[in-house]
Each structure stands twice: as C-alpha cells, then as structure tokens.
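**Student:** Based on the provided sequences and hints, a complete structural model is requested.
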Amino acid sequence: MAEFTMELNDEQKEVRDWVHGFAADVMRPAAAEWDEREETPWPVIQEAAKIGLYSLDFYAQQFFDPTGLGLPMSMEELFWGDAGIGLSIVGTGLAAVGVLANGTEEQIGTWVPQMYGDAADVKVAAFCSSEPDAGSDVAAMRTRAVYDEAKDEWVLNGTKTWATNGGIANVHVVVAAVDPELGSKGHASFIIPPNTPGLSQGQKFKKHGIRASHTAEVVLDNVRVPGHCLLGGKEKLDERLARAREKANNGGERVKNAAMATFEASRPAVGAMAVGTARAAYEEALEYAKTRSQFGRPIIDNQGVAFQLADMRTQIDAARLLVWRASWMAVAGKPFTSAEGSMSKLFASEVAKKVTAQAVQILGGNGFTREYPVERMHRDAAIYTIFEGTSEIQRLVIARTISGMPIR
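With the first letter of the sequence shown counted as 1, position 195 gets the number 195 in our numbering; the numbers rise by one all the way through.
Any given hint might turn out to be false.
Under the rule of at most 30 Å between Cα atoms (straight-line distance), these lysine-lysine pairs were calculated in the DSSO-like manner [to be verified]:
{"no.": "1", "residue 1": "K334", "residue 2": "K13"}
{"no.": "2", "residue 1": "K354", "residue 2": "K207"}
{"no.": "3", "residue 1": "K123", "residue 2": "K13"}
{"no.": "4", "residue 1": "K123", "residue 2": "K206"}
{"no.": "5", "residue 1": "K50", "residue 2": "K204"}
{"no.": "6", "residue 1": "K354", "residue 2": "K204"}
{"no.": "7", "residue 1": "K50", "residue 2": "K207"}
{"no.": "8", "residue 1": "K13", "residue 2": "K290"}
{"no.": "9", "residue 1": "K206", "residue 2": "K353"}
{"no.": "10", "residue 1": "K353", "residue 2": "K13"}
{"no.": "11", "residue 1": "K236", "residue 2": "K247"}
{"no.": "12", "residue 1": "K236", "residue 2": "K151"}
{"no.": "13", "residue 1": "K204", "residue 2": "K123"}
{"no.": "14", "residue 1": "K234", "residue 2": "K247"}
{"no.": "15", "residue 1": "K353", "residue 2": "K204"}
{"no.": "16", "residue 1": "K207", "residue 2": "K123"}
Derived Cβ-Cβ restraints for the label pairs, each shown as a range [said to hold, decoys possible]:
{"no.": "17", "residue 1": "A332", "residue 2": "S403", "range": "19 to 29 Å"}
{"no.": "18", "residue 1": "G109", "residue 2": "A399", "range": "35 to 45 Å"}
{"no.": "19", "residue 1": "R297", "residue 2": "K206", "range": "39 to 49 Å"}
{"no.": "20", "residue 1": "P29", "residue 2": "K204", "range": "24 to 34 Å"}
{"no.": "21", "residue 1": "D301", "residue 2": "D137", "range": "42 to 52 Å"}
{"no.": "22", "residue 1": "A332", "residue 2": "A399", "range": "16 to 26 Å"}
{"no.": "23", "residue 1": "M405", "residue 2": "P29", "range": "49 to 59 Å"}
{"no.": "24", "residue 1": "K204", "residue 2": "D301", "range": "45 to 55 Å"}
Note that these hints are calculated values from the structure, not bench results. Don't be surprised by glycine CBs; every beta carbon is placed ideally from N, CA and C.
**Tutor:** Structural data, given as structure tokens:
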C-alpha cells in the first residue's frame with residue numbers, strides 16, 4: 001500500500017503535463033464553439049482517442065494508480081480545459097465504473113472496451129440511474145426489470161433522465177428495481193447492448209452549463225436483454241436480495257445498492273472536476289487583476305480584490321487536499337468512516353460555485369459577457385453541487401456517517 005503523499009512522481013508529472021497540454025491546445029480553443037452549439041464535440045473526442053487520452057487503457061492506468069492520485073490529477077487538468085468538453089470525454093467513465101464496481105471479470109472484459117471503441121470509430125457509453133421522480137430518492141425508482149426464466153432474459157421498462165450520453169451511447173448501463181419492496185436494496189444494474197430494440201432517446205435537455213455534454217432521457221419499452229447482461233450475475237443478485245430481505249426488519253448489516261456502489265467510487269473524481277473548473281476561473285481572474293488598471297494602478301493592488309484571490313486559492317488547495325485524500329483512501333482500501341468521499345465532493349463542488357462567481361465579480365462587466373471564459377465556467381460550475389448526489393445529499397451522508405443516526 002502506497003503512503004499518502006502530495007508529491008507527484010516523475011511519471012505522474014509527465015501524465016499531468018501531457019493532459020494539460022491537450023486541455024490547453026485542443027480543448028480550450030474549441031470550448032466556446034461547442035458550448036454555443038450544445039452538441040457532443042465528436043472531433044475533440046476523436047483527437048483525444050488518437051493520442052490515447054480517450055481510451056480504456058488510459059483510464060485503467062489512472063484508476064489503478066497505487067497512489068490514488070492518477071485519476072483526480074487527470075480529471076483536474078481536463079476540466080481546467082473545459083467542463084463541457086471534459087464531461088464529453090470522461091462521461092463514458094461513469095458507465096465503465098458501474099461495470100467495474102458491479103460486474104464479473106468476463107463482463108468487464110466484454111463490455112468496457114465496447115464503451116470506448118477506438119480512434120477510427122469512437123464510441124461513448126451512458127450510465128442511467130436518475131428518473132423523473134427518483135433523483136436523490138433512489139428508493140423511489142420505478143424502472144422495473146423482470147426475469148423471464150423460460151428465455152433467460154430480463155425485461156426492462158421505465159424512463160431514465162439526466163443521462164450523460166443517453167440515447168447516443170453504444171452501451172447503456174441501466175439501474176432498475178428487481179424487488180421494489182426492498183427499496184434501494186432491491187436494485188440491480190444491467191448492460192443494454194448496442195441496437196437493442198425498445199431503447200430510445202427521449203427529450204434532449206438544453207442546459208444552463210456543460211452544454212457540450214449530451215444529456216437526455218432514455219426510454220425503455222419492453223427492452224429484452226440476455227441473462228448474462230445482469231451485472232454480477234443472477235446467483236450473486238439472489239444472494240444479495242436474500243440478505244436484504246433477512247435484514248429488512250432488524251436494521252442489520254447495510255447492503256449497498258448498484259447505483260450507490262457506482263457513485264461512491266466516482267465522488268472524489270467529481271470533486272477533482274470541480275477543482276479543475278475552480279482553478280481555471282481563479283487563474284483567469286488573477287491574470288485579469290494583474291493586467292486590468294483602474295485609477296492608474298492594477299486592480300489587484302486593492303485589498304478588496306487581492307483578498308478575494310487569496311481566499312480563492314486557499315479554498316482550491318483545500319478542496320484538492322480533500323479529493324486526493326479520499327482518492328488515496330479508496331485505492332488503499334481504507335473505509336470512509338467519516339464519509340470522506342462525500343466530504344471531498346461536497347467541499348470541492350461548493351468551492352467551484354463560489355470561486356467562479358468571484359471570478360465573474362473580479363472581471364466586472366467583462367466577466368458577465370461570453371467574450372471571457374469565466375462566464376461559461378460559472379455556468380458550468382453549477383452542476384457540481386447537483387449531479388452524482390446534490391450537496392444536500394452529501395451532507396446527509398456525512399451527517400449519518402459521523403452520528404450513526406438515521407437523520408432525515
């Protein structure tokens with residue numbers, strides 16, 4: 001087990017600089033255009049695939065970095081480049097994590113490569129959990145999966161919403177209720193292979209921020225998938241459901257549901273995305289404050305501006321510390337006894353919203369226009385306190401963990 005350190009090794013620094021170069025040279029020049037178009041930036045994803053940045057191999061290397069810092073370091077640099085394009089590049093990763101967290105070795109080897117495709121034929125994947133009436137309240141999920149024993153098939157019906165790459169994905173990972181009476185403990189995840197009849201894209205959302213990332217509803221109408229598309233397999237599911245039923249009335253051992261296993265693994269990475277956006281806005285504001293003159297001197301000479309920048313930098317560094325700690329703990333197999341994963345996501349998300357708002361304020365009227373990127377960064381930052389568990393849900397998780405009480 002690697003010791004926790006804030007010092008990157010030479011290989012990590014090389015990867016960081018490589019990702020940063022792509023973010024600076026390819027993503028940033030394209031950011032405003034794809035934000036305005038509100039379309040998936042396929043050419044940028046393809047460029048990332050050509051150099052190996054959008055690939056299973058790259059994310060596997062970072063995911064299994066023994067220090068835990070590879071993935072958050074990479075996420076920070078990508079989202080420093082642009083959050084919308086960044087999410088288009090890494091959105092497939094959430095579906096991949098869903099398979100890694102819940103699938104068998106055979107399922108991982110079969111489906112994860114199909115999520116990415118290759119440089120000549122780029123693919124994306126989608127993780128579908130939220131529903132119109134079941135966002136934070138995952139127990140209210142209405143999408144059902146019913147097992148047809150005669151055909152060894154699962155039949156899925158329901159509507160998913162807020163799905164990144166929903167409807168345009170080559171592979172969809174869908175969370176559905178197999179035993180509604182067990183609430184969130186009766187959920188399971190399913191692979192929906194390419195071109196499966198009955199799966200269609202519903203409404204595509206026009207969003208406040210991260211507009212280069214495709215977000216849409218996914219409609220499941222009698223979607224039939226083979227039994228081997230149940231992540232983890234039926235034997236494992238039956239055992240888990242039996243334990244859940246046994247514990248249902250006595251408040252015993254906690255049984256994780258499929259969606260939560262995915263979100264727990266991804267929360268520090270989302271925190272790293274927020275750090276990247278916050279850092280980008282801070283750097284823009286710092287440079288502007290050093291070059292913008294009012295009353296015969298740079299505006300950074302005024303304490304009102306300088307102190308804001310000091311606070312912004314301090315909060316960004318503190319957020320990164322929490323993210324890196326949680327990432328190291330996850331890789332080291334240390335339990336989140338104080339909900340450290342949720343802490344990292346909560347704090348970094350709130351910092352991103354605050355720092356980008358301060359950046360707009362420092363740029364004044366210019367910050368309110370699309371001629372300067374802080375306006376887009378501020379819009380993008382709003383998502384971090386909402387997706388993959390709102391800030392309120394993170395606080396609930398933390399409060400329940402540190403108190404041991406069923407706080408509502």
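**Student:** Indicate, hint by hint, whether the structure satisfies it.
**Tutor:** Here's how the hints hold up against the structure:
Straight-line distance between C-alpha atoms of K334 and K13 comes to about 25 Å, which keeps the hinted pair within the 30 Å bound. Straight-line distance between C-alpha atoms of K354 and K207 comes to about 20 Å, which keeps the hinted pair within the 30 Å bound. This hinted pair checks out: K123 and K13 have alpha carbons roughly 29 Å apart, not beyond 30 Å. For the hint pairing K123 with K206, the CA-to-CA distance comes to about 22 Å; that is within 30 Å, so the pair holds.
At roughly 28 Å between alpha-carbon atoms, K50 and K204 fall within 30 Å of each other, so this suggested pair holds. For the suggested pair K354 and K204, the alpha carbons sit about 28 Å apart, so the restraint of at most 30 Å is met. With a CA separation close to 29 Å, the supplied pair K50 and K207 stays within the 30 Å bound. Restraint check: the Cα-Cα separation between K13 and K290 comes to about 28 Å, which is no more than 30 Å; the hinted pair holds.
In summary, the hint linking K206 to K353 is supported, as the alpha carbons are separated by about 20 Å, within the 30 Å threshold. As the CA atoms of K353 and K13 are separated by approximately 28 Å, the hinted pair is consistent with the 30 Å bound. Taken as a hint, the K236 and K247 pair is honoured in the structure, with Cα atoms around 17 Å apart against an allowance of 30 Å. At roughly 19 Å between alpha-carbon atoms, K236 and K151 fall within 30 Å of each other, so this suggested pair holds.
Distance restraint check for K204 and K123: the Cα-Cα separation of roughly 19 Å lies within the 30 Å cut-off, and the hinted pair is therefore satisfied. Between the alpha carbons of K234 and K247 the distance comes to roughly 20 Å, so the proposed pair stays at or under 30 Å and holds. For the hint pairing K353 with K204, the CA-to-CA distance comes to about 25 Å; that is within 30 Å, so the pair holds. Restraint check for K207 and K123: satisfied, since their Cα atoms lie roughly 23 Å apart, inside the 30 Å limit.
The hinted window of 19 to 29 Å between A332 and S403 holds, with their beta carbons roughly 25 Å apart. Checked against the given bound of 35 to 45 Å, the beta carbons of G109 and A399, roughly 39 Å apart, stay inside it. R297 and K206 have their C-beta atoms about 43 Å apart, which keeps the hinted 39 to 49 Å range intact. Range check, P29 to K204: Cβ separation about 25 Å, and the 24 to 34 Å hint holds.
One distance hint, 42 to 52 Å for the beta-carbon pair D301 and D137, holds here, with the actual separation near 50 Å. Between A332 and A399 the beta carbon distance is about 25 Å. The supplied range of 16 to 26 Å therefore holds. As the Cβ distance of M405 to P29 is approximately 51 Å, the hint placing it in 49 to 59 Å holds. Checked against the given bound of 45 to 55 Å, the beta carbons of K204 and D301, roughly 47 Å apart, stay inside it.
No hint from the list above goes unmet by this structure.
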